[in-house]
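Participant: Between the sequences and the hints, there should be enough to build the whole structure, so can you do that?
Number of protein chains: 4
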Amino acid sequence: MSHRFQTRVWYEDTDLGGIVYHANYLKFIERARSEWVEGLGIDQNSLREQGIVFAVTRIEADFLRPARLGDHLLVSTLPEAITTARVTLMQQVECAGTCLFRARVTLAALGPKGRPVRLPPGMNVQPSA
Amino acid sequence: MSHRFQTRVWYEDTDLGGIVYHANYLKFIERARSEWVEGLGIDQNSLREQGIVFAVTRIEADFLRPARLGDHLLVSTLPEAITTARVTLMQQVECAGTCLFRARVTLAALGPKGRPVRLPPGMNVQPSA
Amino acid sequence: MSHRFQTRVWYEDTDLGGIVYHANYLKFIERARSEWVEGLGIDQNSLREQGIVFAVTRIEADFLRPARLGDHLLVSTLPEAITTARVTLMQQVECAGTCLFRARVTLAALGPKGRPVRLPPGMNVQPSA
Amino acid sequence: MSHRFQTRVWYEDTDLGGIVYHANYLKFIERARSEWVEGLGIDQNSLREQGIVFAVTRIEADFLRPARLGDHLLVSTLPEAITTARVTLMQQVECAGTCLFRARVTLAALGPKGRPVRLPPGMNVQPSA
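So the protein lines, in turn, are chains R, C, P and Y. The numbering used here applies: residue 1 is where the first sequence begins, and numbers increase by one. The numbering used here applies: residue 1001 is where the second sequence begins, and numbers increase by one. The numbering used here applies: residue 2001 is where the third sequence begins, and numbers increase by one. The numbering used here applies: residue 3001 is where the fourth sequence begins, and numbers increase by one.
Do not take every clue at face value.
Label pairs and their computed distance ranges (CB to CB) [as the list claims (entries may be wrong)]:
| hint | chain 1 | residue 1 | chain 2 | residue 2 | range |
| --- | --- | --- | --- | --- | --- |
| 1 | P | Arg2068 | Y | Gly3039 | 30 to 38 Å |
| 2 | C | Glu1060 | P | Arg2068 | 31 to 39 Å |
| 3 | P | Thr2083 | Y | Arg3058 | 50 to 58 Å |
| 4 | Y | Pro3112 | R | Thr98 | 22 to 30 Å |
Once the Cα atoms are required to be at most 25 Å apart in a straight line, the calculated SDA-like pairs of lysine to any residue come out as [stated by the list, open to error]:
| hint | chain 1 | residue 1 | chain 2 | residue 2 |
| --- | --- | --- | --- | --- |
| 5 | Y | Lys3113 | P | Lys2113 |
| 6 | P | Lys2113 | C | Thr1083 |
| 7 | R | Lys113 | P | Gly2018 |
| 8 | Y | Lys3113 | Y | Ala3085 |
| 9 | P | Lys2113 | Y | Gly3070 |
| 10 | C | Lys1113 | R | Gly97 |
| 11 | C | Lys1113 | P | Glu2049 |
| 12 | R | Lys113 | Y | Asp3043 |
| 13 | Y | Lys3113 | R | Asp43 |
| 14 | P | Lys2113 | P | Thr2057 |
| 15 | P | Lys2113 | C | Glu1080 |
| 16 | C | Lys1113 | R | Arg68 |
| 17 | Y | Lys3113 | Y | Gly3070 |
No lab work stands behind these hints: they were computed from the structure. By construction, the Cβ of each residue, glycine as well, lies at the ideal position given by its N, Cα and C atoms.
Facilitator: The structure is reproduced here in structure tokens:
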């Protein structure tokens, strides 16, 4: 089952087109990933003290419909594929049942020198069938 | 030939990983597109008064190496494919000759009701061979 | 009594100092003001269709202690003074009972030509004694 | 004489009011401070390796007139007062000779534990008469 996260569109998220600035969807889905990681029992602050950070290595994103000021957004996050070093997630932003944005996001865990390291234990969730 | 745009990494662009926050590369390449559009003789403010805005409809992005505080970045923009309603660009961010980020970005022109309209004249640049 | 709003620190909010980038506290308190305005029964989207927007005209801000990734922040908002055209608010960001940031914010309502107009009805809340 | 820095308004800086989002002026003046510090021969990356960062402790800001998409902004920075631990700057954003934004910004140097430390040598520029 997918992880679900709620967030809202504030003034700061909009641009002069009157809608959400496109790069900000990446922030929305990153918030959801942070909560997803937290829900797996992984503490990003502790990881960081060990010199380990998660890095986005690839994003394929479709901007389908605009979100607007005040919208209550629902971000769903679903693991699609996992290897020892990488996880690929499907993430989707919807508002009132309509999908606005969809992305496939690949993350790697990077060690102290910026080299890929094993994903932390707990991350090896089983992708949904 | 590709359009070239220079920008710099400021404190605001970094995150606690000590490098540029991933979503900010989308800002860097959007600045470059704005200047590219301007260079084609298209005035986004006038277009907007006619109710026409450019919207990103798809991005495929690879995050290759991190940019850091103070880096002088060079963003190159190259049209790859153009139809009456859409243009696809290859954009790349490099620093000191090393490619840090690469994206294929598809843009559409949207009219007053958010419906796709023809790209403005001037946009129909010939993609490079 | 002050209006209370909760928000959380995400990766996007931090900088390479490992703490929240200073300008982002202004976003946090703006989110709180949006919810405060909404709670007064004022619809910013409707106002905007009439050409009326709220503009910050002055901020005096003290950055007392840093907020960090994952922090759950509480923003309190309290009207301090109100005239027909302006409202001054005291806003404060705290985490776990410690005040991190404090600001006095003055807002004006601006009409279609960017000229000051009367604050919308509903805004004339009585400042607390 | 004041330090001068140029920057431009991009799409990312605007909000649905059609003008620059208020918090972004803080980014503009921070870019100018970074370049001002660099011009004093201080390397923020080296400082940071020693555990020293500059922190904004207070801002008093007046938002006078809005900046708009495409505007070429000039940020001027002028030291107003300096002690061993703090520097206060007057910063101003103008466009085509009109002042849009003005702020008095106080900075402190913070050491490894977030405690105030002496400002780095080079910072002790003489405030203008």
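Participant: Please flag the earlier hints that this structure goes against, numbers listed from lowest up.
Facilitator: 3, 4, 5, 6, 15 and 17
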